[in-house]
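Number of protein chains: 4
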Amino acid sequence: MSDTASRTAILLIHCPDRRGIVAAISRFLSEHGGNIVDLDQHVDVEQGVFFMRAEWELKGFALPADGIAEAFRRQLAEPFEMTWRLHFSDERPRMALFVSRLAHCLYDLLARWQTGELAVDIPLIISNHPDLRPVAERFGIDYYHLPVTPDTKAKVERQQNDLLAEYRVDFAVLARYMQILSADFIHAWPERIINIHHSFLPAFAGARPYHAAHERGVKIIGATSHYVTEDLDAGPIIEQDVTRVTHRDAVSDLVRKGRDLEQLVLARAVWLHVQRKTLVYQNRTVVFD
Amino acid sequence: MSDTASRTAILLIHCPDRRGIVAAISRFLSEHGGNIVDLDQHVDVEQGVFFMRAEWELKGFALPADGIAEAFRRQLAEPFEMTWRLHFSDERPRMALFVSRLAHCLYDLLARWQTGELAVDIPLIISNHPDLRPVAERFGIDYYHLPVTPDTKAKVERQQNDLLAEYRVDFAVLARYMQILSADFIHAWPERIINIHHSFLPAFAGARPYHAAHERGVKIIGATSHYVTEDLDAGPIIEQDVTRVTHRDAVSDLVRKGRDLEQLVLARAVWLHVQRKTLVYQNRTVVFD
Amino acid sequence: MSDTASRTAILLIHCPDRRGIVAAISRFLSEHGGNIVDLDQHVDVEQGVFFMRAEWELKGFALPADGIAEAFRRQLAEPFEMTWRLHFSDERPRMALFVSRLAHCLYDLLARWQTGELAVDIPLIISNHPDLRPVAERFGIDYYHLPVTPDTKAKVERQQNDLLAEYRVDFAVLARYMQILSADFIHAWPERIINIHHSFLPAFAGARPYHAAHERGVKIIGATSHYVTEDLDAGPIIEQDVTRVTHRDAVSDLVRKGRDLEQLVLARAVWLHVQRKTLVYQNRTVVFD
Amino acid sequence: MSDTASRTAILLIHCPDRRGIVAAISRFLSEHGGNIVDLDQHVDVEQGVFFMRAEWELKGFALPADGIAEAFRRQLAEPFEMTWRLHFSDERPRMALFVSRLAHCLYDLLARWQTGELAVDIPLIISNHPDLRPVAERFGIDYYHLPVTPDTKAKVERQQNDLLAEYRVDFAVLARYMQILSADFIHAWPERIINIHHSFLPAFAGARPYHAAHERGVKIIGATSHYVTEDLDAGPIIEQDVTRVTHRDAVSDLVRKGRDLEQLVLARAVWLHVQRKTLVYQNRTVVFD
Chain A
1 MSDTASRTAI LLIHCPDRRG IVAAISRFLS EHGGNIVDLD QHVDVEQGVF
51 FMRAEWELKG FALPADGIAE AFRRQLAEPF EMTWRLHFSD ERPRMALFVS
101 RLAHCLYDLL ARWQTGELAV DIPLIISNHP DLRPVAERFG IDYYHLPVTP
151 DTKAKVERQQ NDLLAEYRVD FAVLARYMQI LSADFIHAWP ERIINIHHSF
201 LPAFAGARPY HAAHERGVKI IGATSHYVTE DLDAGPIIEQ DVTRVTHRDA
251 VSDLVRKGRD LEQLVLARAV WLHVQRKTLV YQNRTVVFD
Chain B
1001 MSDTASRTAI LLIHCPDRRG IVAAISRFLS EHGGNIVDLD QHVDVEQGVF
1051 FMRAEWELKG FALPADGIAE AFRRQLAEPF EMTWRLHFSD ERPRMALFVS
1101 RLAHCLYDLL ARWQTGELAV DIPLIISNHP DLRPVAERFG IDYYHLPVTP
1151 DTKAKVERQQ NDLLAEYRVD FAVLARYMQI LSADFIHAWP ERIINIHHSF
1201 LPAFAGARPY HAAHERGVKI IGATSHYVTE DLDAGPIIEQ DVTRVTHRDA
1251 VSDLVRKGRD LEQLVLARAV WLHVQRKTLV YQNRTVVFD
Chain C
2001 MSDTASRTAI LLIHCPDRRG IVAAISRFLS EHGGNIVDLD QHVDVEQGVF
2051 FMRAEWELKG FALPADGIAE AFRRQLAEPF EMTWRLHFSD ERPRMALFVS
2101 RLAHCLYDLL ARWQTGELAV DIPLIISNHP DLRPVAERFG IDYYHLPVTP
2151 DTKAKVERQQ NDLLAEYRVD FAVLARYMQI LSADFIHAWP ERIINIHHSF
2201 LPAFAGARPY HAAHERGVKI IGATSHYVTE DLDAGPIIEQ DVTRVTHRDA
2251 VSDLVRKGRD LEQLVLARAV WLHVQRKTLV YQNRTVVFD
Chain D
3001 MSDTASRTAI LLIHCPDRRG IVAAISRFLS EHGGNIVDLD QHVDVEQGVF
3051 FMRAEWELKG FALPADGIAE AFRRQLAEPF EMTWRLHFSD ERPRMALFVS
3101 RLAHCLYDLL ARWQTGELAV DIPLIISNHP DLRPVAERFG IDYYHLPVTP
3151 DTKAKVERQQ NDLLAEYRVD FAVLARYMQI LSADFIHAWP ERIINIHHSF
3201 LPAFAGARPY HAAHERGVKI IGATSHYVTE DLDAGPIIEQ DVTRVTHRDA
3251 VSDLVRKGRD LEQLVLARAV WLHVQRKTLV YQNRTVVFD
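Residue numbers (this note's numbering), protein chains in the order written: chain A, 1 to 289; chain B, 1001 to 1289; chain C, 2001 to 2289; chain D, 3001 to 3289.
Do not rely on the hints blindly, as some may be mistaken.
To list a few chain B residues with every Cβ distance to chain D over 12 Å, as calculated [unchecked claim]:
| hint | residue |
| --- | --- |
| 1 | Val1135 |
| 2 | Gly1140 |
| 3 | Arg1158 |
| 4 | Glu1166 |
| 5 | Gly1206 |
| 6 | Arg1208 |
| 7 | Pro1236 |
| 8 | Thr1243 |
Capping the alpha-carbon separation at 16 Å, the derived lysine to aspartate or glutamate pairs in EDC-like fashion look like this [as the list claims (entries may be wrong)]:
| hint | chain 1 | residue 1 | chain 2 | residue 2 |
| --- | --- | --- | --- | --- |
| 9 | C | Lys2059 | C | Asp2090 |
| 10 | D | Lys3257 | B | Glu1117 |
| 11 | A | Lys257 | C | Asp2090 |
| 12 | B | Lys1257 | D | Asp3017 |
| 13 | A | Lys59 | A | Asp38 |
Hints listed in this document are in silico derivations from the structure and should not be mistaken for laboratory results.
Here a beta-carbon is modelled for each residue, glycine too, at the ideal position from N, C-alpha and C.
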């Protein structure tokens, strides 16, 4: 990827594969004088699907930024039956954080936001516990303590939804939020809720994965970040990583080693999402890195 | 581990944990003038179990090699209720290989045997297919083609058992042997059959793990070597390793990348077994490395 | 390692190797009723040096905590010519942080301190730049801005030394502090200054390692945490880690990927130091993990 | 990469970057009905260089295989000042192996050749020692023992060159060949000699890298495969990998662990070369994987 700081446009595309797609897209860009800084394509031969991420400088591009979508739709998206999104590098998505009691992923994301690594705004933090309010205050972020019980769950989710709307949130990150969201809530945010699960999925889905990993005697533990879907812990995987453990590691050691994995894997997944480098197709992700 | 080539004795122990075990064992060794070259112990505090591997030079040790077991039993093993094994570094275990059609793990183990990395004898190779006979012949090893059908399985297992007895085999390695062994066969060889499974267990147990991994869209694949128990793919894990994959990898790429993992993980597990560095307890391994 | 929370004593030892050391130490512990929770020893056969870390519960130990050192000295340390240190698990070392302009390692260490992962006190942060004062204030830690020029360097180091004394600091961490400390300063803090270098040492020592790595075209980059010695970037290595890069990664990508390595590797090194798991011998570390 | 077995053409290109290159190339392919199965491009923005690897099916392509080069030269290579190579997937390059006394890399490459993973012919093995002749015989490959002394070096290199010519060799692999080739020899085989160095270059270049790594006390060791250039151990890196070591590892352990790295890294580099996935530019490689 280039060391460029100028404003760029980013296209994410998937469509039925056929000859000439790359030629058509690259002609569209070159005809208008677009200087491509990154172009990555992938063909799933088995499924017959074409995927592309193209990023080009707006400086010198003949079309005005707000005219690109319409021109692209007419000339390319419709003829090729594309599913597509257009982004600009200076968009600054608004990210909500959901947390429970564990602070490590929260601290890590806030630090990456403060140092400018994550080009997002973080307008609010929602939690089912009061514990992390001091962290939110330390970073000057609104904190909502919304306790969840089986009885109040539906009502709380409506409150959460209202908050996300009120704060004009683009996507949400479950930073070790230990509540299961309802199908209704998830449907309202397709490919816009990112979770971190503390195991190498599909191994040890569900509760207490470190206990299960210790019980099974694995020699490697992992963490998995994925988009949340209705199926618990079964959404499209964005990023995974692992680390070695031995017989000397008690469950508490797995928890400690796992924390580093969790925060790292979640941070990478959020970064990929913010950089518009992820595409979801048939419950899998195409990650353009 | 030391760069020593002199003959050593190796003790593998587990027993209920209590105060003074280390003192008693190390006194036993120092009283007889044993020069310890490696001493590794572990206490499972939760289960209250003590584990140890001790290796010491026989040169200068006051007890004769064939008198150690009896002295150890009387002075230590019985008072401390130890489960234990005594080995000598110049033992050369006899290893049988079971294969089907895939050659990579077989070649890898044979190469390690030829270069002296694996201090074993390999008297025979057993297969349910004829394909790898030329490899066996190339290395001068007897090859038995014993095809397995549901009807002949019991009879073939008796033949296999007879061969293992006839060739005085100490342990067997399933180097991508694609047949499930019966409970009876497995019971006869406790902690003496090593398998390689082509996934990061417990994820993707069973058949066609690379297809399942591709379908699930994981970002990392793995391989697992374990002692074979009655429960398919659920025996005590000796070693695991993983490698990254991306959306660009077709199933055939996972198979290719996975081969390297399989042969490496299996080779390490066999090496640990041959070096007497593994202890099994409650379906987990203690690996002294 | 055990899931125990009770108070423990920790002995770190090295001495000339001879027969009977383990027996003598373990007898010392068992005679006084010490319940060993962790015992790790290592013999450097080539150098003839014995290393040990022993941790045992003080509950039930016959010697009072403040009598252990004297008894150990008389019975063991002197006869065996040991270099040794005795620690207690409830000591809470006081850690000073030195920073320049980059915030990621600072944030990471502060988060680990806040969540209780690092059982230290952090009384002050020293910097040659004013930039990170807001971070210090956010966490309520005193911040000293001491700019360094070739002319003022000696004077500033005296100020730094006075601050470390005033705040009763036990050890210092250079969390991407971009100044070279003088030999005098370093001599005053042997094995008590931990640095993070942003390369896989000994490759790319010195300035601008990511540029050098990019120029050389390596496929893997790393980070190294080490105790600071007079020789720049040549002190005993505590921890290292690496990550893959490709031709697609510009220097700015190496910097971004490297940040995660830096903070992770530094955090692990600090944790090992705080847990009393490191021993330095002949410019190398023995890490008991 | 696709699960396709049909015959493909592969283009490797680099040229000064300018707008419209991708459009021109993809139009060339689509105009003639080429079905692209893999397209990977990279722009080095700093250097202003464009790189591409394109692979397309010959089935249905309007140009005959032997007419592609001429058409491409005229329409694209000359106007865009491209440096380029055209390959076909059914070419089977002829690979010579140079070895000394260590067998592990040799065995590993021979096994990958036998199993079909490496689509090459291996007509001969050249060695400065007689030791590995039995391995060559086992696999039915001609073996030339050409001892090298300072006095005979020039003469031996002429013999080696003659052999490579006689056996119509396309590229050579130094599989732990412990002789330094002369500049003349190397110049005759640009980007066609692949070496494996047993360290994580640029750390520990030169002789005895495992001893140097042990002496320095690193926590990770590595291996590096690179194209051979006049500068010893400084050629363009194709692949690297690493593994963890601890204070417990003697030099002999580093050697053992390193062997696995060496054979794996070398095998990957050879595979990438054979798959036409490497491009060299300014002493670095672009690896299209």
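We went through each hint and held it up to the structure:
With a closest Cβ-Cβ approach of about 8 Å to chain D, Val1135 (chain B) is found to fall inside the 12 Å limit, against its non-interface label. With a cut of 12 Å on Cβ distances, Gly1140 (chain B) falls inside the contact zone with chain D, its closest approach being about 9 Å. Remark: the non-interface label on Arg1158 (chain B) is consistent with the geometry, its nearest Cβ contact in chain D lying 32 Å away (cut-off 12 Å). The Cβ of Glu1166 (chain B) sits about 26 Å from the closest Cβ of chain D, beyond the 12 Å cut-off, so the non-interface label holds.
Every C-beta of chain D lies more than 12 Å from that of Gly1206 (chain B), the closest at about 22 Å, which supports listing it as non-interface. With a cut of 12 Å on Cβ distances, Arg1208 (chain B) stays outside the contact zone with chain D, its closest approach being about 15 Å. The beta carbon of Pro1236 (chain B) is kept farther than 12 Å from every beta carbon of chain D, the shortest such distance being approximately 23 Å. Not every beta carbon of chain D lies more than 12 Å from that of Thr1243 (chain B), the smallest distance being close to 10 Å; the non-interface claim is violated.
At most 16 Å may separate the alpha-carbon atoms for a hinted pair to count; Lys2059 (chain C) and Asp2090 (chain C) meet this at roughly 13 Å. As the CA atoms of Lys3257 (chain D) and Glu1117 (chain B) are separated by approximately 11 Å, the hinted pair is consistent with the 16 Å bound. This hinted pair does not check out: Lys257 (chain A) and Asp2090 (chain C) have alpha carbons roughly 22 Å apart, beyond 16 Å. The hinted pair formed by Lys1257 (chain B) and Asp3017 (chain D) fails the criterion: a straight-line CA distance of about 34 Å is larger than 16 Å.
Simply put, Lys59 (chain A) and Asp38 (chain A) have alpha-carbon atoms about 15 Å apart, close enough for the 16 Å limit, and the pair holds.
In terms of the numbered hints stated before, the structure departs from hints 1, 2, 8, 11, 12, listed from lowest to highest.
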